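In case you want the letters, here they are:
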Amino acid sequence: MLRASLLILSVVAIAHAELCKPDAQNAFKVRISIKTALGDNAYAWDATEEYLFKAMVAFAMRRYSSKSRTQISNVLLCNVTDRVSFWFVVTDSSKNVTTVPGSEVEAAIRMNRNRINNAFLLSDKTLQFLKITSTLSPPVEPSTPVWLIVFGVVVCLSVAGIVFLIVSGIQKHKKKNKESTERENLEEKVEVTLENGIPCEALDLKAGHINGVFAADDERFTSL
Amino acid sequence: LSAAPEIPKEDGRPKWDNKFQYILSCIGFAVGLGNVWRFPYLCQIHGGGAFLIPYFIALVFEGIPLLHLELALGQCLRKGSIGAWNTISPYLGGVGVGSWVVSVLVSLYYNTVLTWVMWYFINSFQEPLPWSVCPLNENRTGFNEECYESTAVNYFWYRKTLNITPDIAESGTLQWWLILCLATCWAIVYLCTIRGIETTGKAIYVTAIFPYLVLTIFLIQGLTLPGATDGLIYLFTPNLNTLKNPRVWLDAATQIFFSLSLAFGGLIAFASYNPTKNDCEKDAVTVAIVNSMTSLYASIPVFSVLGFKATTAYWDCLDRNIISIINEFDLPEESIMRQNYTSWISFLNSSYPEKIAGLKLKSCNLQEFLDQSVSGTGLAFIVFTQAIILMPGSQAWAILFFIMLFSLGLSSMFGNIEGVFTPLLELRIIPKSAPKELLSGIICLISFLIALCFTLGSGSYWIDIFDRYGGSVPLLVIAFFEVIGVAYTYKIKRFSKDVEWMTGRKLNLYWHITWRFISPLLLLIVFMAFVTLQMQKPPSYTAWNPKYEGFPMKEEKVYPPWVQAICVLLAALPCVCVPLVALFHLVKQKLRSKDPSIVPPEVFSCQGANS
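If you're matching them up, the sequences are chains A and B in order.
Numbering-wise, the first sequence is residues 1 to 224 according to full-length UniProt numbering.
Numbering-wise, the second sequence is residues 1 to 611 according to full-length UniProt numbering.
No lab work stands behind these hints: they were computed from the structure.
There are no misleading hints in this set.
Using 25 Å as the maximum straight-line C-alpha spacing, the simulated DSS-like pairs for lysine-lysine come out as follows:
1. K178(A) - K436(B)
2. K15(B) - K172(A)
3. K432(B) - K178(A)
4. K436(B) - K172(A)
5. K355(B) - K29(A)
6. K174(A) - K436(B)
7. K29(A) - K360(B)
8. K176(A) - K436(B)
9. K21(A) - K95(A)
10. K21(A) - K355(B)
11. K282(B) - K15(B)
12. K131(A) - K360(B)
13. K175(A) - K436(B)
14. K15(B) - K176(A)
15. K175(A) - K202(B)
Values in this document were obtained by computation on a predicted structure and should not be read as measured data.
Between the sequences and the hints, there should be enough to build the whole structure, so can you do that?
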């Protein structure tokens, strides 16, 4: 009995070793950079974390295909290094010695990448599946480009400033014109007291000229 | 009918609100983009601290005398450049016209540089900054190819901003976003210069002082960045051997000359609004020293940031190599750090040389990253923007940086526009009853329409041409004739009497010597050397061509003949004004000399200027 179970175990182990080795068919290399992602909060990679990984892969397979009956024991890990990196392969639950095609595994992982990343608190860059490319998310673009809004603000401010300055300039011009016409009116009243540019007070009768026409009439009258 | 007796200085000429406004305007005009992106570059490539020696010698023998000359001239004659030179001698009127033409040419392209700054400014409000990530290509499988092969920062500058064509002969189309920004920039310039110095005098308080605030903030931030000290040591370590190279002395002389914005006519215009009894000698020395100190002060944050960028690039290089090694040898994380990288590399090289060779590791050298020196638009829009992405809170730094560049450029634009505006106002282009706002509006509108050419795909190539040919050689020629004109036509004796009347002090021997001999000689030598150097290599430019084999390196191309003709025209047009106007007056004099009733030209002097 014991010998039989030992024999079965060794066969299974050898089979597993056959299925999961570096560059095996349908095997994928995983590289994990916990310290880069988490810094001081980094956890250690041990057998329990490996168990979680196997569970996540099994979950991904089941999510991808409802017909899948992948068990945690179907996911084989090998060649774990200090880096941390390892290879894994998913065996078919119905037929024990074959592996699930790589394309299926790839599709399953891709579909559930986010869930797998979050389980380990990692990202696409720190939990790398070396042959599986991640789809790039497009950058978030708001409906109106931000620069148009800022541009609008700047334009409104400068146009408002220009209009204000022009209007105040016109008002100042009008006020100056009104003031200068008022001043001219005042000057005219002042000039009323100027006769031909000579202020009346300064008019010296001695310096005046005698108008010959009137003088002739005067002489005529006084001679009477 | 005359009313009040004529009081001197009440000639209706606008004047500064106070002396500080005038000094600030001159400083704002002199301190421009070149102080931030040309001086640090020159310091770096010409032996660091050693460059300061030729720089200060040029300042003392060329910069300060020419500055004093222009300020004294404007203050004494109380006219813009064209009017001032016509007053000194009608034969020298061409000098004023040449200054005016240069101011026009420079205003056209300078505002387009501000357009680029404004475009970057309004794009700085996004998170993440648009020049930090590459856009995806059409089927979203990877990044845009042009962006991926160069960098996101290069892509944003060459494609998203300029939409540059691979050749200057291909004009491309008008870029609508640049047209919008250009219209906004000219609207802002119009807003500030709408009534001449009445409005620029108010605006200058902000645009001249704000850059100093931002530079101080960047200084504090820059010094706290890792790698800042490396950058500063690299900048200021003097290498006295470079002084043997005459190119260094030439660069120092041209840098001082162009940095002080001499021969534009703008300084003459600013000084003409001063009261005549003003100490122009002290003003000149103040403005020149503040300009040089600003250059030095600006180079500290610039080089802190450049040092930070070089250090980050060096660390990235190291990190990439470390990751490759760790992945290849499956070593645990953080086993190789930057500090023990060299020891690990030597160990691994001795044990597994083929594996190491297979990795194709790049050699990481901090000196190499520090040596990558850039000046001009490349510094601001490529190198600095890349550094800003690496800083925490990049939006704030980007916004501050571009507002600073905008203020620096705007205060220089005020001087340029004043150099165009004041002579036109005096020439009575528009009737006196028409408001000043109309003339400034016409100037801004016409300039905007002509500057639309610079928003084409090939626009930045044309701006380089305008900068290299229109804004360099003509200034040297005009400055030379300015000094010769004052020293030998107006005669230094008369001029020194005028300056004594204005400043209240006897003119120092230093001014006599520099104005009569040293400055003209220096200008002549600089002009000859400059032209010789330009002639040595055929005029070429570097084009951004994604289809070039060496992409992302820029492709070196030669200007086609018709472009070379335009270059010559740009350089010759302002210079040719000088002899043309002299010839015109000579011919007029010859025709008039046949007429016996010739009136000898009146002898002009500062004291009698206002009567």
